[in-house]
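**Student:** Input sequences plus hints: build the corresponding full structure.
In order, the protein sequences belong to chains U and S. Our numbering puts the first residue of the first sequence at 1, with every later residue one more than the last. Our numbering puts the first residue of the second sequence at 1, with every later residue one more than the last.
FYI, nobody ran anything at the bench for these hints, they're computed from the structure. Be aware that a few hints might be false.
As the list claims (entries may be wrong) - For the chain U half of the interface with chain S, some residues (derived, Cβ under 8 Å), not all of them:
1. F99
2. I189
3. L211
4. P215
5. L302
As the list claims (entries may be wrong) - FRET-style restraints, in silico, Cβ to Cβ:
6. U:G132 - S:A27: 20 to 30 Å
7. S:S25 - U:H235: 49 to 59 Å
8. U:A227 - S:R301: 31 to 41 Å
As the list claims (entries may be wrong) - To spell it out: a stretch of chain S is covered by chain U in this simulated footprint if at least three of its residues, at any positions, have a beta carbon under 8 Å from a beta carbon of chain U; those stretches are:
9. 25–31
10. 59–73
11. 106–113
12. 247–256
13. 291–299
14. 304–310
All values derive from a computational prediction rather than experimental measurement. Think of the CB as a built atom: it goes at the ideal place given N, C-alpha and C, for glycine as much as any other residue.
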Amino acid sequence: MGSESAEHGGPMPVRGPRPGLTDRQLAWLFIFPTVLILLAIAIFPLIWSLGLSFTNYVATGNVDPVSGNPVPYQWVGIHNYRTLLTNNDVTYASIWHQFTVTAVMVICAVGIEFVLGFGLAMLLVRQFPGRGLILTLMLTPMMLAPVVVGLFWRFMFDPGNGDHGILNNLILLVSARPLDIAQSTPAIIAVIIADVWMWTPFMLLIGVAGLAAIPRYLYEAAQVDRASAWFRFRHITLPLVWPLLLIALLFRTIDAIKLFDLYFSLASGAPANTNPISYVIYNKAFEQYDTGNSSALAYIILVIVIALANIYIRNLTKAQAAH
Amino acid sequence: MAQSTTVEIDTPERPAFEDRLRSASRAAGGVLFWVALAAAFLFFLFPTFWMLETSFKTVNEANSQTPALVGFHPTLANYHNVFFLTQENVSGEGGTTTITTGFLHYFINSILIGSISTLVALVLGMLAAYGFSRFRVAGKNDLLFFILSQRMLPPIAVLIPIFLMYRTLHLVDTYFGMILLYTTFNLPFAVWMIKGFVDEIPHEYEDAAMVDGYTRFQSFYKVIVPQSVSALAATAVFSLITVWNEFIFALVLTEPGGVRTVPPSIAAAAGGGQGNIDWGLVAAAAMVFVLPVVIFTFLVRNHLLRGVTFGAVRR
Chain U
1 MGSESAEHGG PMPVRGPRPG LTDRQLAWLF IFPTVLILLA IAIFPLIWSL
51 GLSFTNYVAT GNVDPVSGNP VPYQWVGIHN YRTLLTNNDV TYASIWHQFT
101 VTAVMVICAV GIEFVLGFGL AMLLVRQFPG RGLILTLMLT PMMLAPVVVG
151 LFWRFMFDPG NGDHGILNNL ILLVSARPLD IAQSTPAIIA VIIADVWMWT
201 PFMLLIGVAG LAAIPRYLYE AAQVDRASAW FRFRHITLPL VWPLLLIALL
251 FRTIDAIKLF DLYFSLASGA PANTNPISYV IYNKAFEQYD TGNSSALAYI
301 ILVIVIALAN IYIRNLTKAQ AAH
Chain S
1 MAQSTTVEID TPERPAFEDR LRSASRAAGG VLFWVALAAA FLFFLFPTFW
51 MLETSFKTVN EANSQTPALV GFHPTLANYH NVFFLTQENV SGEGGTTTIT
101 TGFLHYFINS ILIGSISTLV ALVLGMLAAY GFSRFRVAGK NDLLFFILSQ
151 RMLPPIAVLI PIFLMYRTLH LVDTYFGMIL LYTTFNLPFA VWMIKGFVDE
201 IPHEYEDAAM VDGYTRFQSF YKVIVPQSVS ALAATAVFSL ITVWNEFIFA
251 LVLTEPGGVR TVPPSIAAAA GGGQGNIDWG LVAAAAMVFV LPVVIFTFLV
301 RNHLLRGVTF GAVRR
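**Tutor:** Dropping the structure here:
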């Protein structure tokens with residue numbers, strides 16, 4: 001045993017039938033810890049919260065509204081979902097308004113990031129001195145903590161001295177009114193600007209990678225055919241970069257729906273009707289302690305995100321196949 | 001001869017004019033290119049620069065109604081305070097507020113929790129990635145999809161039940177609880193990212209090792225693991241940054257003075273409302289907090305694309 005491999009000089013591996021484990025068992029040994037942890041910390045809580053969304057559970061303890069004595073929580077069926085989608089709430093006049101606000105933030109932010117990021121990618125795909133350094137520096141915002149990015153921008157709009165941050169000082173040069181992020185619309189605009197600042201680099205990174213991967217000979221052939229710049233863009237650049245851009249778009253859309261940290265540190269001083277949906281869930285769960293209700297809302301968001309994620313993964317597989 | 005006649009048919013002025021036009025438009029394009037690039041560069045760099053500058057200002061200079069771009073008195077006091085100050089009175093329009101800082105403690109927490117959870121995620125992720133890459137596993141695609149779907153979940157949706165679960169198990173505000181949580185956070189990423197790299201290592205390497213008598217497991221840790229070192233390093237950096245930056249779970253599951261990490265602490269230091277914020281200190285803390293991320297980003301710049309797309313896009 002092992003005499004054949006002795007000439008390699010290294011540790012003497014065992015030769016012959018594998019000791020004990022089949023490949024199938026070994027495979028499970030490799031994968032099992034990961035699956036177990038994910039089941040315990042990710043899946044079990046999700047099932048629990050699905051159950052909670054059908055109860056009137058209150059995290060601080062249910063009490064009888066008349067006597068004030070503690071009472072067990074009850075199964076209330078789809079009551080939470082029904083009140084959420086139809087009725088009013090202490091803090092929020094209408095959940096549909098919060099959905100709309102979230103959609104406005106997501107669509108504006110991701111739209112601008114997409115156009116700006118791709119435009120910049122067209123600039124930065126060229127070779128010029130210092131390109132690597134400039135590109136790396138411009139990419140840093142997306143690696144920063146969203147909560148810190150929110151603070152950066154709050155400081156630039158309003159450090160708490162009556163809207164006299166440096167940006168508002170600039171705005172006051174051309175306009176009579178500063179951007180007051182304690183108001184709804186300005187807060188939404190500020191959140192969009194900060195999100196654009198943070199995530200355009202993501203689009204830029206993916207755009208540059210996509211553009212750089214287009215074979216040069218396609219453009220040379222188009223040049224021979226005297227194709228216009230627009231034609232080259234429309235029929236060579238765009239179709240070849242599209243699968244990658246789609247991945248970037250869907251990634252960003254899903255993440256933007258979850259927007260919380262940045263809003264928390266930038267605009268939590270704004271009126272409640274400006275809150276994006278994640279913040280609404282946070283408010284219901286950890287400020288009003290209405291656990292059942294907030295779980296129901298969390299599940300609605302979950303379904304929306306899963307639907308989007310499905311589209312994403314389908315396209316991802318397609319894009320990878322094309323690679 | 002025929003060619004020279006065609007050249008003469010074009011009047012001499014036209015090519016010259018076209019040349020001039022072309023070179024003029026090229027020059028204009030060049031100028032436009034640099035102007036656009038400069039504008040973008042300014043936009044993406046200015047906020048960080050402004051925070052950096054503010055971190056060297058005194059409270060009054062930082063909170064001034066006309067903040068100065070140049071001509072202030074630079075001080076290192078804020079950085080000293082980040083590490084040594086534990087309590088501070090800040091006065092402003094809304095009176096005086098006492099804020100508890102003590103960032104040093106939070107930085108130590110962040111480093112501990114971040115590095116241990118990253119390490120655990122890497123070990124488990126490497127095992128699972130190898131398992132998925134090399135073995136036939138029943139329902140492999142479903143499992144991989146399930147793991148990927150964890151990345152898509154809105155954290156807020158899992159936050160409520162995890163909070164309740166942790167409360168029941170007395171894991172709130174414990175190192176073990178946070179490390180376990182952040183390991184779970186990074187596992188899906190680690191599995192997908194490392195799997196992408198392991199897929200690229202030719203099977204022949206292990207086949208050769210096994211022909212030489214290595215067992216499956218030996219060929220894993222003696223051949224594949226050493227081959228994956230750069231993949232593991234890149235994955236580690238991204239995992240570290242994710243944990244380092246995580247905010248909402250830390251906010252809900254930890255307490256000030258306990259195992260709280262840096263992000264909620266910085267948010268709290270800037271939560272004073274009407275003028276009662278020491279922005280110099282907040283900026284300095286933010287800079288100390290952001291510096292490792294910038295350095296790490298620079299180190300993994302060649303893997304950035306892979307890292308931010310979950311290993312989906314490779315180059």
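**Student:** Out of the numbered hints, which ones does the structure contradict?
**Tutor:** 1, 2, 3, 4, 7, 9 and 11
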